[in-house]
Amino acid sequence: MQYILLGTVMFFIGRSILLGDTPSNADYFAQILIYTIVALGLNLLLGFSGLVSLATAAFMGISTYGMHILMENYEVNYFLAALIVLIFAGGLGLLVGVLSLKMQGIYLAIATLFVAHVIGELFRSFEAFNYGESARISEITFFGETSLSGYAQDDRIYLMGIVAIGLILAFVVIHNIVKSPSGRAFMAISRSYHAALAMGISVRRYRLLAFMIATIFAAFGGILYLTYMQSTGSVDRNWNLELSLILLAIVVVGGMKSLPGMLLGAAIIIGIPEFFFTPFEEFLQGFGPLENISLRGFDDIFTGLLIILTILFYPYGAIRIISRLKHTVQSKFQNKPSKGGDAA
Amino acid sequence: MSENVLSVKDLSMSFGGLKAVDSLSFHIKGKEILGLIGPNGAGKTTVFNCITQFYKNYEGIVILQGANKDKDLREVPVHKIIDYGIARTFQNLELIPDTSVMDNVLIGAHKDVKSNIIHHILQFPSLKRNEKRLKEKAERILAFLGIDHLKDAYVHGQPYGIMKLIEIGRALMGDPSLLILDEPAAGLNEKETKHLEGIVKKINEEYETAILLIEHNMGFVMDLCNTVIAINFGRFLAQGTPKEVQNNKAVQEAYLGEAES
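Protein chains in written order, with the working numbering: chain A, 8 to 351; chain B, 38 to 298.
Rather than coming from a laboratory, the hints here were simulated on the basis of the structure.
Be a bit skeptical, because a hint or two may be false.
[Said to hold, decoys possible] Rough simulated footprint, nothing fancy, chain A against chain B, three-plus residues with beta-carbon under 8 Å: (1) 120 to 129; (2) 132 to 138; (3) 141 to 155; (4) 160 to 171.
[What the hints assert, rightly or not] 25 Å max Cα-Cα, derived DMTMM-like pairs, lysine to aspartate or glutamate: (5) A:LYS264 to B:ASP189; (6) A:LYS186 to B:ASP189; (7) A:LYS186 to B:ASP149; (8) A:LYS186 to B:ASP212; (9) A:LYS333 to B:ASP189; (10) B:LYS66 to B:ASP107; (11) B:LYS151 to B:GLU173; (12) B:LYS188 to B:ASP135; (13) B:LYS188 to B:GLU176; (14) A:LYS186 to B:ASP135; (15) A:LYS186 to B:GLU173; (16) A:LYS264 to B:GLU168; (17) A:LYS339 to B:ASP189; (18) B:LYS172 to B:ASP189; (19) B:LYS165 to B:ASP212; (20) A:LYS333 to B:ASP135; (21) A:LYS264 to B:ASP135; (22) A:LYS109 to B:GLU112; (23) A:LYS186 to B:GLU176; (24) A:LYS186 to B:GLU168.
[Unchecked claim] Over 12 Å on every C-beta distance to chain B, these chain A residues come out as not near it, computed from the model: (25) PHE18; (26) ASN80; (27) LEU129; (28) PHE149; (29) GLY168; (30) ILE169; (31) ILE279; (32) ILE315.
Where a beta carbon is used, it is the ideal one built from N, C-alpha and C, also for glycine.
For reference, chain A alone in the conformation it holds in the complex (with noise of 0.2 Å):
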């Protein structure tokens, strides 16, 4: 399968990188994977079903605090939690999913956005949660013997494969649900509402079953992104409205309905940020007069213009650019051979 591949890919850049000079850009790395996963679910959601959420950032902050507690204070084994985490997320999204029954696009937007505002007010306010601050765990224990504790870089690098492992996954359920019967009701739902009904598409399950697996997918980014990083993230600087907006700029800039545009639509808004500013900042204070430049507010100004350009201008996504690339090379070769038989 092609997702396995890309899986490995995947992972063998991400290792290439903790071998290399600056293996704390791996981390960077980590998250563009993690956020492709979140992002596969959220395009379930909003290019296949129609709907929109601005929690998906909060139910990310919910796995990671969640497998946080089972792990450190109930030392639930790692899988269990994990499976824990993965069933409430279900259930929350199944809560959340009934805010669509009764309004849809910006109203819902607006619905979600205020969940988000009470969960990171719960994080804050709970001691459990360490008060919405991060919190590391020692160390992930699988089988009861392989420790890792993500300092280490070999330990690291087998975290990396955890999270192609996961990617992998990722796209293959979405690929499974989307090519599916069901994939085809998530388009009706949101395409031709009444038809949907008139041919027996029950609107309110398959709305209902959206929100489910993207908050199901936002949880399991969530897992992975503690299994990684080793720590639950905090909520107002990872948890946050900011990441929300970011996850729905990868599905807007990547192509909605795209499955690997959803890759690239994280490698573009996470990856040209992180991997090229900075060389670029330092760059630029390199010169005498421009010493303290920073381009740190650059990034959602950067993310912003993506998406004001790719609506204008590729509304099926960055995405559509490989496609065509694709298309142009293939025309030239088949135009190739009758040239040639013109010439002769």
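Mind docking chain B on chain A? Use the hints.
What follows is chain B alone, placed relative to chain A:
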């Protein structure tokens, strides 16, 4: 003709103070093509929406005559109507533009999808078999409609006439015993209308489907329908063969008279 398929009794539906449908009663018999005509705003589409349960707060009763017992359709949720053999098309096209013609037609077979999303994620072998069966059926229907060459094309960008046929194809996927067509010929040119006429007739004969249709194109209605019911302001005007209704004074005043002016 054979027995009734569907009976509508004293159907009334109002929006605010406006009575869109006013105590209307009629029957559809098996294998019959029944045309519902009337000027714009006469309440024709409202009747369809009541029959297919998009509206629930109507007065009166819509009864489906089954082989064993009758069913009051009000008890049936809108998305279960197709299970009772009633499929419909829409006046304003309701297709998924950004997917293939095939996928759009397959939507019509959703009630025959017995697998759930877990089966789909895990790719159960039964899913593949079922999908293959549905695709073959869809291909037969597309061939029947004469658009099987377009099955992999996107719906977006297809001519209007083709989209109308796709909607009919989708409705046929549900093996309806009653097919409800909301202005099937609207927006079609003369050639397309003739083609459609042939298709509707063939559906009626080969699929043995009763057909209820709304249409403004009088030629189309007169050629196809066994029975025509004319309504105006939601009220019954006349019923009979196309000729009888055409010659009815009340109908001429309300409908044809207006059309000529």
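### Message
Name the hints, by number, that the structure is in violation of.
### Response
none
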